[in-house]
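Chemist: We have chain G already, so just place chains X and L with the ligands on it with the hints.
Below, each chain spelled out in residue letters.
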Amino acid sequence: MYQDVIIAGFGGQGVMLIGNLLAYAAMDQGLECTFMPVYGVEMRGGTANCTVVLSDEEIGSPIVYSPKSLIVMNQPSVDKFQPRLAIGGVLVANTSIIDPGILEQKRLRTFSVPANSIADKLGTAKMANMVMLGAWLEATGCLALESAQGALDRVFSKQNSRLIPLNEKALKQGAEYVRGV
Amino acid sequence: MTQAIQTEEKQVFRLPDVLADTATHFCPGCHHGIVHRLLADVLDQLGVVQDTICVASVGCSVFIYNYLLLDTVESPHGRAAAVATGVKRANPENVVFTYQGDGDLAAIGLSEIMYAANRGENMTVVFVNNTVYGMTGGQLAPTTMVGQKTTTSQQGRSFETDGAPLKMTEIIAGLPGVYFSARVAVNNVKNIKKAGKILKKGFANQVQHKGFSFVEFLAACPTNWRMTPVEANERVGGEMIDYFPLGIFKDNDNDGL
Amino acid sequence: MKKNDTNLLVKGNEAIALGAVAAGCECYFAYPITPQSEIPELLSESLVEVGGTFVQAESEIAAANMLLGATACGKRAMTSSSSPGIALKQEAISYMAGSQLPGVIVNICRGGPGLGSIDPSQGDYYQTTRGGGHGDYRTLTLAPASCQEAYDLTIRAFDLAFLYRNPVVVLGDAILGQMKEPIKNWKERVVLDGKGLDWSLSGARNREPRLLKSLYLSDGALAGHNRKLQEKYQAMRKECDWEEYRTQDAELIVVAFGSMGRIAKSAVRKLREKNEKVGLFRPISLYPFPEAPLDRLAAQGKGFLTLENNAGQMVDDVRLAIRRHADSGLHCVLPGHLANPDDLLGPIEEAMPAKAG
Ligand SMILES: Cc1ncc(C[n+]2csc(CCOP(=O)(O)OP(=O)(O)O)c2C)c(N)n1
Ligand code: SF4
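Chains as they are written, first to last, in the numbering used here: chain G, 1 to 181; chain X, 1 to 257; chain L, 1 to 357.
Just chain G, same shape as in the assembly:
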């Protein structure tokens, strides 16, 4: 088993948080994993991205140019990363923000997820990131939803632990949305 993903969006959309969560979920399942954030100057432009690699073997590069999958939360990230996605790769796009017309459908397995509206219904658009990760888990099938839900307490501090149940729900609804499509 080998899977990699670039997660990209605006700063503040919680891109790093779901990257971390995914890495913890993988680790808890006994998989090898790496989490590589972009940092510093590149982050000042207002965009953020990270790369997560999961494998049942020792991982080589934590940096991936053509990923097997992509979670995009904003338009500039589509422009930057969609052309690099490997043929047959999984593209999970937040179509609450991104115009579905710019998403490639033929070359890729594309999943349009209105993550903000789904999260809104749960009470806060802030959890759009969790909806996206839930959708990605379902689309790739590489980890069980429960493993991500179970790892939430690893990425939320004690003070924020009350947010965990709602985030569990957001993950679930993302997965359900993809299953329903």
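Errors might be hidden in some of the hints.
As a list, the in silico EDC-like pairs of lysine to aspartate or glutamate whose alpha-carbon atoms are at most 16 Å apart [unchecked claim]: (1) 187/L x 152/L; (2) 184/L x 28/G; (3) 184/L x 104/G; (4) 270/L x 57/G; (5) 195/L x 51/X.
Treat the hints as calculated values from the structure; they're not laboratory data.
Modeler: This is chains X and L with the ligands only, laid out in the frame that chain G set:
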């Protein structure tokens, strides 16, 4: 039988054991040797010889370890206060002092001394100001007097291009973290006695965990001043003390000694 | 970060800091610089919590000299920085080498020359393996490629520093420093108080005074001192460390260290899927450089390609190691470009002996 004169031998003078029994390499009339001797006395009187770590610097005094039989570490030029910080933080129970010239402390090592002082490191700094770079042949130092001729200021130090000599004791005294800052001279017996007392206080402060103590010695460098030892001594007592006044500029004890 | 968690996801920088704590580091001195600031940030808390000392120094020069002072007392001590700061530490590193003091120095290398960038870089290879400062000296250099290795090699750095009484450099880059991976093998903190050492300073109580110095002026003294140092550097050769991956049947050996080594590993895997007979040789100790195993591989008639995230530095050591049998090609990813496996496939394929032939 004539009455035997009963006299018990009473030692009135002895060299402290910490002072090595060796010939000096300092020039005739150099004040480094006097400062070394005062240090030996003070450490001996306080009974801390076996607890002391000396941090040597780069300058004419680099061989301090040949004269004072102490655990010693050499530091790069100017860095003694940073090295001493490392020593003291690693071994807080030891008595730690640096011994630095004016080039070492006030030029290349200005940053290190200011920050060690400002942190209030519990250490003692012995600063020997002879207004020149002695070891390298008498070049302009941060403490060279305006008008003083050196090998790199052959027309005399110019205030316009070189600025004024730094008064380190006053500068150090201005830092809130400093416990004690004083300037002394060893140009005559009276001043030597006073210097010994003040130096002792600089070390006693450390033993009592009071904090950072700084003692500046005005010193003669007859060789690079191109003077006889007597002339050099007179210069210290005259021109130097006029510009670098003696006294205690900061004492958190405020006991007036 | 949760402590006592046996399976913890940590950044390479954090792994180094936690490795230092486990190794019994008692004093740590630093000045902030990206991309290594997680090390001082973590140690300012974690080291103090276990009774250690942290000083944020006024400069890298001061931090390295504080390290000199603390190691003179026989304490396990460390400083860390990134390239421009490491340049400033070279003064103290040379003095520590001359005075035989066991300081540990971490360099999370970034792009240069000058202010360069905070991008990953391997541009300090020459500096670290040739001594870096003035004079004839060497620092043992360890180059981790994963967070677990960063943790383990930091601990090893302290052990080697004291074994040889010599500065040891842990050389990483921004990839290693910023990436997160699980650490699985945690070690208990063990503090060796250094009291039994026969050279460290503690005040000359009931023994002869000790002197730690690098100045040797009398006739022949410095030559004698240098001879002793050179003998020590020879003795260090047995600390050579490296990883080989699918080298046995390989026709081409890719040589790369640190982050570049693991990026190259992914490229090697991809090419193996296409039945290209390629293997990876990853030096883990950069000084001493693992010459003997490279010479052995060269004697088997294999080809070589050195991959570096600089303009070509380690390739000199590779060529020296294999000079009796082979030469090495070179492919450079210049600092400022982030290397990735896909970009390495072409250069490796081109260097395959059949094609290069
Ligand atoms: C980095 C560095 N720069 C320059 C020198 C050369 N140097 C040796 S001693 C010295 C100045 C010494 O003057 P001072 O500190 O006033 O002490 P003195 O010799 O007068 O007692 C200099 C510049 C050095 N050793 N290291
Ligand atoms: S050169 Fe000056 S400071 Fe140096 S030993 Fe001679 S008199 Fe003393």
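Chemist: So, for every hint listed, does it hold in this structure?
Modeler: Right, here's what the structure says about each hint:
1. 187/L x 152/L: holds (9 Å)
2. 184/L x 28/G: holds (12 Å)
3. 184/L x 104/G: violated (40 Å)
4. 270/L x 57/G: holds (14 Å)
5. 195/L x 51/X: With Cα atoms ~14 Å apart, residue 195/L and residue 51/X stay inside 16 Å; holds.
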